[in-house]
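Asker: These are the residues of each chain, in order.
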Amino acid sequence: MWFLGFVILLIKLAAVLGALVLLAVYLVWIERRLLAKFETRLGPNRAGWHGALQPFADGVKILLKEDLIPEGADRFIFMMAPAVVATSALLLFVVVPFGEGFTLWGRRVPMLFTDLNVGLLYVVAISTVAVYGVVLAGWSSNSLYSLLGGIRGAAQMISYELSLGLSLAPVVMMAGSFSLVDIVDAQAAYPFILVQPVGFLIFLVSTMAEAHRLPFDIPEAENELMGGYHTEYSGMRFGLFFVGEYVNMLVLGSLAAVFFLGGWRGPLLPGVVWFVLKVLIVPFLLIWSRAALPRPRYDQLMAFGWKCLIPVALVNIIATGGLMLLFG
Amino acid sequence: MPRLIIDNQKIEVPEGTKVIDAAEQLGIMIPRFCYHSALGAVGACRLCAVKFLEGPVQGIEMSCMTDARDDMVVSTDDPEARAFRRFIIECLMMNHPHDCPVCDEGGHCLLQDETVSGGHDIRRYKGKKRTFRDQYIGPFVQHEMNRCIHCYLCVRFYQEFTGYRDLAAYQIGYRVYYGRFEPGQLESPFSGNLIDICPTGVFTDKPARYRGRRWNMERSPSVCIHCSLGCNTVANARYREMLRQEARLSESVNGHFICDRGRFGFGYANLPDRPRRAEIGKNEASWTEAVRALANRLTISDGASEMKKTAVLGSARSSLETQAALAILAGSAGWPMPAYFADPHQSSVCRTVVRRLDEGLAVSMKEIERADWILAVGADPINEAPMLALAMRQAVRNGGKAGVIDPRPVFLPFDFTHLPIPREQMEFCLNHLIHSGIARQEADDAGEAVAGFYAQLPEEAEFEEAVREGISTLAEGLKQSEHPVLICGTDIVPLSTPDLAADHAHLLNRIKNTCGLFYILPGADAFGAAMLEASAESAFEDLLKAIEDGEITALMVVENDLIGAYPNRKRLETALDRLELLIVLDYLSTPTVDRADFFLPTTTVFETGSCFINQEGRLQYAEQVHAVGAPIRQLRGRSHPPREHRDEVPGGDPRPAWRAVADLVRALDLDEIRLYTSGPESWLTGSKGPFRFFQEKIYPPREGRILPAESEVAPFKSSIKKEAKKPEAGTLDILFVDRTFGAEALSALSEPIRRAEPAAAAFIHPKDASELGLSDGDSAILRFEEGDLEIPVALNNDMARGLLVIPRKPDLEWQTAGARFPRIARNRIAGVRKETE
Amino acid sequence: MTRNKPNIWKYSLSAVKGIYDAYAVSMINFLRKPVTEEYPEYKRPLPERSRGRIILTRDPDGDERCVACYLCSAVCPTSCISMESAEREEDGRRFAIWFRINFARCIYCGQCEEACPTLAIQLTPDYEFCQYEVLDFVYEKEDLLVDHGGRHPDYNFYRHAGVTEKGDKGAHPDEEEPVNLKSNMP
Amino acid sequence: MTLYSIIFYLLGIITLTATGMAVTRRNLVHAALWLVVSFFGTSLLFYLLGAPFLAALEVIIFAGAIMILFLFIIMTLRKEAAPRSFREVWRQWRLPSLLGLISLVLIGFFILSAAGSYHRLMPAMAAPVDFGRFLVTEYWLPVEIVSFLLFVALVGVLYLGRATDDLEAEKSAPRTGEEL
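Just so you know, the sequences run in chain order G, V, X and A.
Under the working numbering, residues 2 to 329 are what the first sequence spells out, in order.
Under the working numbering, residues 276 to 1112 are what the second sequence spells out, in order.
Under the working numbering, residues 515 to 700 are what the third sequence spells out, in order.
Under the working numbering, residues 17 to 196 are what the fourth sequence spells out, in order.
In short, the hints are calculated from the structure, not lab data.
Keep in mind that a hint or two might mislead.
In silico lysine to any residue, SDA-like type, Cα no more than 20 Å apart, as pairs [as the list claims (entries may be wrong)]:
1) V:K403 - X:P700
2) G:K66 - X:Y646
3) V:K557 - V:D852
4) X:K655 - V:L910
5) V:K641 - V:R523
6) G:K308 - A:A169
7) V:K326 - V:D342
8) V:K845 - V:L856
9) X:K696 - V:R405
10) V:K404 - X:D688
11) G:K308 - A:F167
Values in this document were obtained by computation on a predicted structure and should not be read as measured data.
Assemble the whole structure, with the sequences as input and the hints as a guide.
Answerer: Printed below as a string of C-alpha cells:
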C-alpha cells in the first residue's frame, strides 16, 4: 500500500496547485477591481458577472500572443527565467500547512505536503532563489532597461531577504522550531501577532519588497524602466512572471497566516476556510498599499531596508530573547 | 565711395548705389513692390520709405530713389517710416479682393507678405471696391486685374526690358489697367516672366493654375534643356508631376528671366503616353529582365560567343553622364565610339565649335549685355535661343549696335540692321563687313598673321542698295566699338562658317583687345556631345555607312529620335531595315521608339541629377526634382487617387540612361565596374576620356566654364574667297529652321507650347512668290523625289531671295526632302489656292 | 558649516502620519461611489465645439464651400489632409477634385478648421467611427462632404471674395461696376 | 546499490560537472549559474547525508546571497570576456592544475588505502535543534570569535561606506569653538 500515500500526495498536489493558480489568477481580477474602487473607478466589469471571467479573457489573450525573443538575447536563460520565478513561488507552498488534517480510511492525511524540520529555512532559501528569475531575465534580455531592472531587483531582494529572515527569528524563538507545523501549533493559545506586532510589521514590509509590489516595485517601475526586467517579455512568458508574482503574494499571505495569525486555527469555521481568509489579508493590504503609497527612490528604498528595518528587527530579536529569558 | 549708416551698421558702397541696395547688402530687406534690380527704380509703389535721420537728405524718403551718399544715417524701422509703410499697404489693399484662398499667388505672394509684416490686418475701408474685367492673354499667363496694386513692374518689364509693345497701361489714376488693347495672346516669348515679376496675383501661371501652392511643391534648382543656353530655372513638381518652372537668378547666364519655351516646355515629362515599361520586342518586361535579355542578344547572336558589334548613337539632349557612360560602354565593349548627332551637318559644325572656342573668346550672356557692337551670323536668336535676343536687347538699350547676317526673316525686339544675304554669300558678306569695319593700318599694327588674314578679305562687294547701306552702318559701328561680340549660329550656316567666325573674333581680339565669340548650338548638351565626338573622331555618317555595308548589325539609340532627326528619311529607313537589332533608350514616345526591338525607359532631367554644358562651355548641374513615377493625376482616373499599399511606385521603372548603360555593362560582364559600383564622380573624373576637366572628385561638380585657355586650332587658317558665290538660278533654297515654339523636339510636346505655336508656314519672299504664282496663305506643294511636302506660305519682305524657310516641326515630314539643305527646282513647286469663304 | 540635523522623532512622526494619511484617504475613496460613466450604455452629450470627425460643409446655395486652397493641409501638424484643386468646367470655379483626410493620422487638433478661409472644413462632435482596417480611415471627399452648412449656415465665401464665380465682375454688393477702359470719362 | 546511493552518485556527477563547467565557461554569467547549480547539488548532498540545516544554509547563503552579489557585480560591470591565447590561459592554470592533481592523487590514495572503512549510504537526520545545541555548547568560543570578527568587519564597512561629503567636511571644516 505504499503507493496509496503517493497517490494521495499527487491528488493533493494537483488540488493545491490548481487552487493556488486559480486563486492567483483571480487575485489579478480582485486587485484590478479593488484598485479601481480605491481610485473611485469601476475596474474590469465586462467579461462575465462583474467581470468575473476577466482572468480567462486575459489568459486567452496572453496565450495567443506572439512569443518574442529579442535579438542578441541569451536564448536559453531568457526562456528559463520566467519559469524560475513561477516555480520558486509555487515550491514555497510545499511546506505550508493549510489545514488540520483528517483521517481517510485509517490513514492520517495531513493538510500539507511535507513537514520539514527546517521548514522556515526552506521558505527563506527558496524565496532567495526566486531572485534568480528576476536577475537572469534582466540580464538575458539584452536591453538596458531590463538590465537596470535586474540589478535593482537583485539589490532590493537581497536586502529585504535579510529583514524578512530577521523578522521571523522571534517567531522561531517562541515556537522553538523551524517546522511550520510546530509554529502553528505553538499559536494554539494566541496568534503571535499579539506578541510580535513589530515583527509582523517588518514581515509585512519585507513581503512587499519580496513580491516587488508597489510601492517597492523598483525593479519594474514602468514609468522609468518601462517594466524593468520583463520589458522584453511577451505572451505566456510574461504571463509566467505575472502568475509568479501573484502566487508569490498568496504564498507570502499564507506565510503571514502561519507565522503570525495562527495558521488554520479559528473558531466555528473549518480550518481551511480560516486559512484562506487569513491568507487574503496580506494581498488586500498589498493592494491597499499600492493604491495609497507612492514609489520611493532606489536609494531611499535601500536606506529604509538597511538603516531602519534591519536594526529594528535586530532589536526586536534581542528584546524577545530578553523577555523570554525573563518570563520563560 | 559713399559711406553711410543704415540701422546702426556702417557700409561703404559704390557711387550711384541706391539706398535700398545698400541695405540689401547688409542683409536688411526693405519692403518693395516696384523696385527690381534688373529693371531699376521708378518710385511708384512708395513702399520702400525709410527715414533719413541725418545727412544730406532728411525725413521720410523712398530708399529706391535715393542714391547713397556720405554721412547718411538711415533707419529702416523708425516708427514714422513704419507707420508710413503701413499706411501705404493699407491704401494698396483698399481695392484688393478678398480672394487669397482662390488665388494662385497665395503662398508666395509679396503683397501677402508685406501686408502681414506691415501689420495691416483689418480692413478699415468700408466703401465699394473698384473692379476690372480680365482679358485672355494667351495660354501661358492668367490675368486677374482686380488684384493689381499698380506697381508698373509688368509694363516696365514687358516694354522696356523685352521690347514688346502689346501689353501696356491704360486709363489714369486708380483706374490704371495693365493689359492688351484687345484680348489675345501676348506676343512676347518672354511673357512668362510676368508671373515671376508681378508682386501679387494679377499674372499667374496658367498651365499650373490651381495645381498647388508653393509649399506643396518639390522644388529644385534645374537647368533648362530646350536650347543650348542653359538658363537656370527652379523646377516645381507635385505628386510626381512637373507643374511649374520659374526663372532662377544666374548672374552670368540668364539673369533674372527665362523665355517661355524654357518655362512652359517641361510638358514632355508628364505625357500620359510616356513609355514607362521596358519592352522586349513589343512585350512589356521588367527592367532586369529586359537588360538581361538584351545582354543575351548582344552576346550570343549568330551562335558566336563574342559580342555583336553595335553602333551607338547618343544625343545632344542627354546629360553629360549619359554621354560619357556611352563612350565608356562602347570603348570597353570594343564597339565603334558613339556618335551623338544624327544630323551630319550639326555633327561637323559642333565639332568645329568645340575645337575653336577657348577661354579668350567665349562670352556669357551677361557680357553680351555689355557689348557695344554685336553681329550675328546665320543666327535667328529669338527662334533658336530666345534669351540671347533679350541679352542683345540690353546691349542695344545700353547704346550698342546690332546686326544680323541671315537669309531668314529675322525679328528681334530692338533696332538692328538685318542683312538678308543668301546662305551661300553669308561668309562673303561677313568677310567684307569686317574688312570695311577695320582700317588697314590697324590690321598691320596687329602683327603679321592678322595683316595676312586681313589682306585676304574682300574689299569690293556687289549687294543691293539696302544691304550695302546696312553694311556701312555696321562697319561704322565696328570702327567705334570697344567691345564687339560675334554671334555665330550653327543651324543653317555653311560648314566653314564657325571656323571663319572664330578667325574674325581672333582678328578683332587682336585689334580691339577684346572680342567675344558666341555660338548657338543645337541641344542642351551639344557641347559635351561635340567634345566626345571630336575626341573620338566618330560620326553617325560613318556608323550608318557601316550599317549599310552590313559590318554593323545592331544599333543602340539613346534619348535621340533618330527617325525625326536624320535628314534623309529614305536612306535611314533602308539602313534600319538591314539592322538585326535596334535598341532604344528614351523618355519620350517617338517613331524611333516604336521601331525598337529592345526598349528601356529612361528618366527626364527632372527625375535625375545631371550635368549639362551650355554653348559657352559652362558646366551646370540640374538637381533632381522629384522621384520617378507616373503622375498621380494619371493614376487616379476620374476620382481620388487609388488607395492601396504597393511595393513599387507605379510607373517607377525608368532609370537614368547612364544607369541603364551601367546595368548593361554589368550584364555584359564588361571590365568597367566603376560604372555600376560608384556614382558619376568616379567615371566622369578619370584621366581617360574627354572629361579631364573634372579634376576634383566633386559630384555634383561646381558650376563654371571648362574651356581650354587656348583652342587647339591655330587661328587664321580659313580659306577665303574673294568672289561671292552666285545662287543657282531656277531653283529655290530650302532651309529647315528652328522656331521659338513648336520646332524644338521636347518643348513641342508641351501642351501650352502647342497652343501658343503659330500654324506651320513657309516664309518666302514676295517676288519669289509672285514668280511662282503664290499669294499669302496659299499652300505650296513641294514635289521631292521621295514624296510631296505641302505647306502654306507666308510672304515676308525682310528675307533673302530664292529661299523657302520651313519650320522643322516634328509633325511636318520635312525629311522627305532627303537632304539637310535641299534645293528644289521652281517647276517642282505647285500652288494650292487658299480657300476663301 | 552648520547642518540642521532633523529631529529624528519629529521626522519619524511625520513619516508615520504621511503613511497613515495615505491609507486613510485611499480607504475613504474606497468607500465612495465610483464616478465612472459607462460608455456604450451612457453617452455623454458633447459640447457643440468639441472636436471629432471632420466634415466638408456646403454654403447656403448648396454648393460645396471648399476651394482647395491647401491651407488646411499646410497647417495640419500630422499632414493627414491631402487634396488637389482644379478648375470646375461649368463656371471656372476652384474646387477640390479630390480631398482626402487620413483619420488614422488625424489628432483632431482643429487647426484645419481655424485655417479654413471659407468655413468649409469643420469638426463635429462625432467621435465614434472606429475601423478595423487602417485604410478604412482614409476618408475621401464623398465621405466628408455633407449637405448642410455646419455651425455656420449663412456664410458664403464668394460673396466677399471679389472674384467672380458666376456672372460678371462687380456683381457683388461691395463692388463697383467694372472700369470701362475705352472711356475717356474720369 | 540502494536508491540513496543512486541519488548520491547522481548528485555527485551533477555537482562535479557543474563545477567543471563553472570553471571553464568564458561567459561570466553562465559560469556563475553553473556554480549555483553546483551549490544546489552540494546542498542536496548535505540534505541527503542528514544535515538539512546545513543544506538550507548552503542555499540561503551561497546560492541566495553570495552568488547573487556576484551576478550583481558582473551585471554592473558588463565586462565581456575577451578571447585569450593558450599561453595566457596556461600561465593562469599552471598552479591550480598542479594543486588539483595533488589532491586527486591524495583522494585516490585514501580511497584505495582505507578500503575497509566503507559505509553503506544510509538515510540519516540531524535536527536543527541538535545542531544548534552542539554548535553552541561545544564550539561556543569559535562562534563568539567569528561573530566578533564579523562585527568588527561590519564597523569597518560602515566607516568606509560613509558618504564622502561627511569625510570631506570632517577633514576640511575648521573646527570652531562653537561646534566643539
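Asker: It remains to establish, for every hint, whether it holds in the given structure.
Answerer: Verification of the supplied hints:
1. The straight-line distance between the Cα atoms of V:K403 and X:P700 is roughly 17 Å, inside the 20 Å bound, and the hint therefore holds.
2. At most 20 Å may separate the alpha-carbon atoms for a hinted pair to count; G:K66 and X:Y646 meet this at roughly 18 Å.
3. Distance hint between V:K557 and V:D852 is fulfilled; the C-alpha atoms sit about 17 Å from each other, no more than 20 Å.
4. A distance of roughly 17 Å separates the Cα atoms of X:K655 and V:L910; the hinted pair therefore holds under the 20 Å criterion.
5. A hinted pair counts as satisfied when its Cα atoms are at most 20 Å apart, and V:K641 with V:R523 qualifies at roughly 15 Å.
6. For a cut-off of 20 Å, the pair hint linking G:K308 to A:A169 stands: about 17 Å separates their Cα positions.
7. Our distance criterion of 20 Å between C-alpha atoms is met by V:K326 and V:D342, whose separation comes to about 14 Å.
8. Between V:K845 and V:L856, the direct Cα distance comes to roughly 19 Å. Compliance with the 20 Å bound is thereby established for this hinted pair.
9. The hinted pair formed by X:K696 and V:R405 meets the criterion: a straight-line CA distance of about 16 Å does not exceed 20 Å.
10. Between V:K404 and X:D688 the CA atoms are separated by roughly 6 Å; this keeps the pair inside 20 Å, and the hint holds.
11. Of the pairs offered as hints, the one joining G:K308 and A:F167 holds, with about 16 Å between alpha carbons and a cut-off of 20 Å not exceeded.
Against the hints set out earlier in the document, no violation occurs for any number.
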